[in-house]
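> Chains as they are written, first to last, in the working numbering: chain A, 1 to 187; chain B, 1 to 196.
Worth flagging that the hints you see were computed from the coordinates, not collected in a lab. Nothing here was measured: the structure is a model prediction, and the numbers come from that model. Treat the hints with care, as some may be off.
Unchecked claim - Which stretches of chain A does chain B cover? Using the computed rule of at least three CB atoms under 8 angstroms from a CB of chain B, they are:
id : region
1  : 62-68
2  : 145-153
3  : 168-179
Don't be surprised by glycine CBs; every beta carbon is placed ideally from N, CA and C.
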Amino acid sequence: MLKKYISIMRGVALAALLMCGASLAAQTTASGVINGTLINKNGISIQFDSDPAGVTLGAAGTSAATANFGTVSAFGPLAAGVTRPSVTAANFTVRTIFDVQVIQGGLNSTTYTLTANLAAAAPTGMSYKVDAITLTTALQTIQVNGAYSTAIPHNLDLVILTAAPGAGGPAVNTPITTTINFTATAN
Amino acid sequence: MLFSLTMSCNFKFGGMKALLAMGGLLFMMASSAAAQTSSGQLTITMSVQSSITLVFQNNPSVGTTGFCPLTNSGTNNVGLDLGIAAFPGSFHTSTCVSYTHLTAADYQVSSAFDVVVNKANSSSPNYRLAAQISTPPPANVTWLLNNVTLTTAGFTTLDAADNYATPITKTLQVQVKNTVAAQTLLETITFLATAN
Chain A
1 MLKKYISIMR GVALAALLMC GASLAAQTTA SGVINGTLIN KNGISIQFDS DPAGVTLGAA
61 GTSAATANFG TVSAFGPLAA GVTRPSVTAA NFTVRTIFDV QVIQGGLNST TYTLTANLAA
121 AAPTGMSYKV DAITLTTALQ TIQVNGAYST AIPHNLDLVI LTAAPGAGGP AVNTPITTTI
181 NFTATAN
Chain B
1 MLFSLTMSCN FKFGGMKALL AMGGLLFMMA SSAAAQTSSG QLTITMSVQS SITLVFQNNP
61 SVGTTGFCPL TNSGTNNVGL DLGIAAFPGS FHTSTCVSYT HLTAADYQVS SAFDVVVNKA
121 NSSSPNYRLA AQISTPPPAN VTWLLNNVTL TTAGFTTLDA ADNYATPITK TLQVQVKNTV
181 AAQTLLETIT FLATAN
């Protein structure tokens with residue numbers, strides 16, 4: 001009787017082991033890895049921002065912005081954001097303020113140098129200044145230690161001769177468009 | 001170019017490897033040393049308009065008889081105080097006004113100043129000048145500029161062709177009959193310069 005009981009128990013144990021084994025063998029698995037790669041490049045970017053004291057730039061926040069002074073004159077009213085810091089017998093100056101923001105990444109550079117030049121020769125009777133530096137078609141240094149990630153205000157002056165059109169002065173009642181190129185170089 | 005030249009001179013491959021390594025290093029250094037730049041364009045648009053401006057100035061003879069000082073001289077909004085005057089006794093308190101009895105029943109107080117008009121970006125050769133008073137004066141009181149009576153009806157032409165940037169002396173006159181009651185006589189005189 002005892003032998004029979006032991007035999008039965010052995011059979012039950014064996015069956016249990018077989019069932020467990022079958023259950024373990026049914027767990028199929030798969031594995032994989034992702035080999036992630038990122039090339040972190042260094043570089044800098046420049047953008048023009050509207051200054052609270054200046055005209056509202058078109059396409060502000062980009063590297064291709066526009067500044068519209070509207071109608072300007074030696075003695076008449078000016079658009080919002082445009083001032084007239086000087087009027088002499090020979091010329092008058094109208095001014096607006098715009099911001100330049102340069103952002104860098106991956107560089108050890110802590111400051112940048114800002115240069116500017118006119119894309120084409122200035123129209124008759126006009127000259128352009130950034131921070132009192134008269135622009136030409138050659139590069140002029142505007143700032144040598146610009147701080148990154150900071151909107152830095154710059155004065156943009158248009159110096160306009162008071163002479164009449166045809167006598168050295170600019171054309172009147174005609175839109176005059178000029179493009180200034182700016183370049184920021186990491187120091 | 002450097003490699004081909006070296007190879008033609010020296011065929012030792014060990015040297016070539018070293019040169020290759022150095023070249024690579026130099027290339028990497030050059031890449032690293034290249035200044036990082038970014039460019040942008042700001043396009044400016046504007047339109048110039050012709051304009052003229054008018055200011056009042058003290059005459060060079062200011063302070064002498066007939067040339068009282070302006071307040072805010074050099075601007076287009078000035079004051080001219082002619083003081084206190086009366087018919088009897090040719091009474092007047094201001095030392096700079098010119099006081100005269102015009103008739104047996106009228107007196108005149110006057111003072112001169114300069115008007116300067118400047119132009120910019122204009123081919124206008126000259127300008128015309130006109131003026132008007134702000135309120136009708138009391139009866140028997142007349143305001144004049146260079147003997148031209150001013151009214152409130154409209155601008156009265158003073159000059160047809162004044163030169164720009166040249167002081168034009170104008171004399172403001174107030175003529176009062178001796179029947180006019182005591183009171184303060186006050187006028188705002190508006191000058192209008194128009195480019196010809």
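> When the hints from earlier in the document are held up against this structure, which numbers fail?
2
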